Amino acid sequence: MESILRGVLASPGVIGGLVMDDAGRILAQTLPELFDREQVAGAAVVLAEQQVGLEEFTGGVRTGELRFELGKLILRPVADRSIVLICEHGANLQMLSIALNVAAKKLEKVPALPPVATVVAQEKAKPVSQPGYNDIPAAYRAAMIRR
Amino acid sequence: MQAARHLQQEAAGFDGAVSGMHLLDLLQVKGMSRFTGRIAVDRGAATGLLFFRDGEVIHAELGTLDGRPAFDAIVVWGDGSFRVEPKVTTTRQTLTDRLQFLLIDAVRLQDELAAGMPQGLPPQSEITQSGRRGDVKERLSGVDGLTDAALTTRQGEVVQSLGPQVAELAASGLFLVGTAERIGEGMGLGPFKGAVIQGQRSHLIVLQGPRNFLFAGATGEVKASVVENGIRQALSGTH
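Order-wise, the sequence lines are chains A and B.
In this text, residue positions in the first sequence follow this note's numbering: the first is 4, and each later residue adds one.
In this text, residue positions in the second sequence follow this note's numbering: the first is 207, and each later residue adds one.
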């Protein structure tokens with residue numbers, strides 16, 4: 004799943020990303036080190052709740068774009084999982100959409116989830132290479148440091 | 207000789223198109239040249255009037271509005287035509303801020319409108335002299351794919367609405383805002399600014415202004431980006 008994520012991360016303006024299940028449990032992530040893993044995990048759970056809450060009005064979320072002061076978050080559900088990307092404001096959404104389609108197709112082929120505990124254990128044993136500090140936009144870095 | 211010709215032109219006044227020269231640029235030039243007189247800006251049925259004294263805007267009028275609300279409503283117009291009338295003056299003073307401050311604020315206002323944030327600008331009925339209604343319903347009713355719209359306060363009170371599913375739309379929109387704020391905090395992305403959720407059946411678009419949320423529901427058959435662009439154009443008055 005991380006290799007799938009890395010394919011999308013190559014798109015200009017993408018800061019990081021994660022794959023989560025429909026309960027918001029993180030299955031894979033490639034986020035800069037500055038991100039607080041615990042807070043990101045909490046946000047992922049809220050994101051999953053949000054999808055469920057919007058089901059009635061939308062008939063099911065196809066893609067979501069949440070805009071914030073320091074960037075935007077793109078969500079693409081794929082069966083019982085979702086790809087979540089954190090992007091700069093200037094990210095080219097059309098290009099990103101193509102990359103997300105490719106990633107979604109690949110993710111569909113990835114078999115059923117391993118237990119979360121296994122994933123966590125694997126992550127501890129083999130740290131994922133993270134995008135460098137200097138790859139993160141300055142405004143975002145400043146905001147993360149302030150937190 | 208050249209100065210004399212210039213003065214002659216000034217005295218006669220001239221017409222121009224705002225699409226050819228940006229209105230804000232014109233105001234800046236008039237400020238720098240310490241202009242005294244009136245600039246009349248026409249757009250459709252509405253005429254906005256900006257009065258200068260020694261390079262500062264001292265009074266603005268637009269329909270039933272005057273002062274800052276009139277100035278703000280005029281400077282966000284994306285097109286129109288203007289007349290510079292050096293001989294026309296007024297004794298009224300409804301603006302006291304320096305022109306540079308007003309211009310900086312006008313740029314901010316334009317940026318926020320371009321980003322789709324409703325600004326609580328005066329309704330069209332106050333702008334056009336014909337006095338026709340210009341609420342959310344009227345401004346957004348022609349947007350392709352739009353089915354419902356709800357303008358709410360930050361507390362969630364619906365102040366204007368359009369369409370049969372306003373209650374569901376506003377509830378979903380407020381839920382989205384509440385959860386997005388928590389997500390933004392968790393991800394370190396800062397305050398929530400807006401959202402576009404593309405659904406299987408319906409899209410949900412959230413635009414945020416300083417005092418309001420605008421929630422828009424659209425049919426899933428039309429691209430959400432098309433609907434969002436339509437809303438932005440309608441809000442900025444170019445629809």
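Don't take each hint at face value.
On the chain B side, residues computed to face chain A include the following (Cβ under 8 Å) [to be verified]:
| hint | residue |
| --- | --- |
| 1 | 307 |
| 2 | 310 |
| 3 | 315 |
| 4 | 316 |
| 5 | 370 |
| 6 | 373 |
| 7 | 374 |
| 8 | 380 |
| 9 | 381 |
| 10 | 392 |
| 11 | 397 |
| 12 | 405 |
| 13 | 406 |
| 14 | 408 |
| 15 | 428 |
| 16 | 429 |
With a straight-line cut-off of 30 Å between C-alpha atoms, the simulated DSS-like cross-links for lysine-lysine are [as the list claims (entries may be wrong)]:
| hint | chain 1 | residue 1 | chain 2 | residue 2 |
| --- | --- | --- | --- | --- |
| 17 | B | 343 | A | 108 |
| 18 | A | 109 | B | 429 |
| 19 | B | 293 | B | 429 |
| 20 | A | 112 | B | 343 |
Simulated from the structure, these hints should not be mistaken for laboratory data.
Bear in mind the structure is a predicted one, so any value in this text is a computation, not a measurement.
In this text, a Cβ means the ideal position worked out from N, Cα and C, and glycines have one as well.
Here is what the structure says about each hint:
no.: 1; hint: 307; in the structure: violated, 24 Å
no.: 2; hint: 310; in the structure: violated, 20 Å
no.: 3; hint: 315; in the structure: violated, 18 Å
no.: 4; hint: 316; in the structure: violated, 17 Å
no.: 5; hint: 370; in the structure: violated, 13 Å
no.: 6; hint: 373; in the structure: violated, 11 Å
no.: 7; hint: 374; in the structure: holds, 6 Å
no.: 8; hint: 380; in the structure: violated, 11 Å
no.: 9; hint: 381; in the structure: holds, 5 Å
no.: 10; hint: 392; in the structure: holds, 3 Å
no.: 11; hint: 397; in the structure: holds, 5 Å
no.: 12; hint: 405; in the structure: holds, 3 Å
no.: 13; hint: 406; in the structure: holds, 4 Å
no.: 14; hint: 408; in the structure: holds, 5 Å
no.: 15; hint: 428; in the structure: violated, 13 Å
no.: 16; hint: 429; in the structure: violated, 11 Å
no.: 17; hint: B:343 x A:108; in the structure: violated, 41 Å
no.: 18; hint: A:109 x B:429; in the structure: holds, 25 Å
no.: 19; hint: B:293 x B:429; in the structure: violated, 51 Å
no.: 20; hint: A:112 x B:343; in the structure: violated, 46 Å
Comparing the model with each earlier hint shows violations of hints 1, 2, 3, 4, 5, 6, 8, 15, 16, 17, 19, 20; every other hint is respected.
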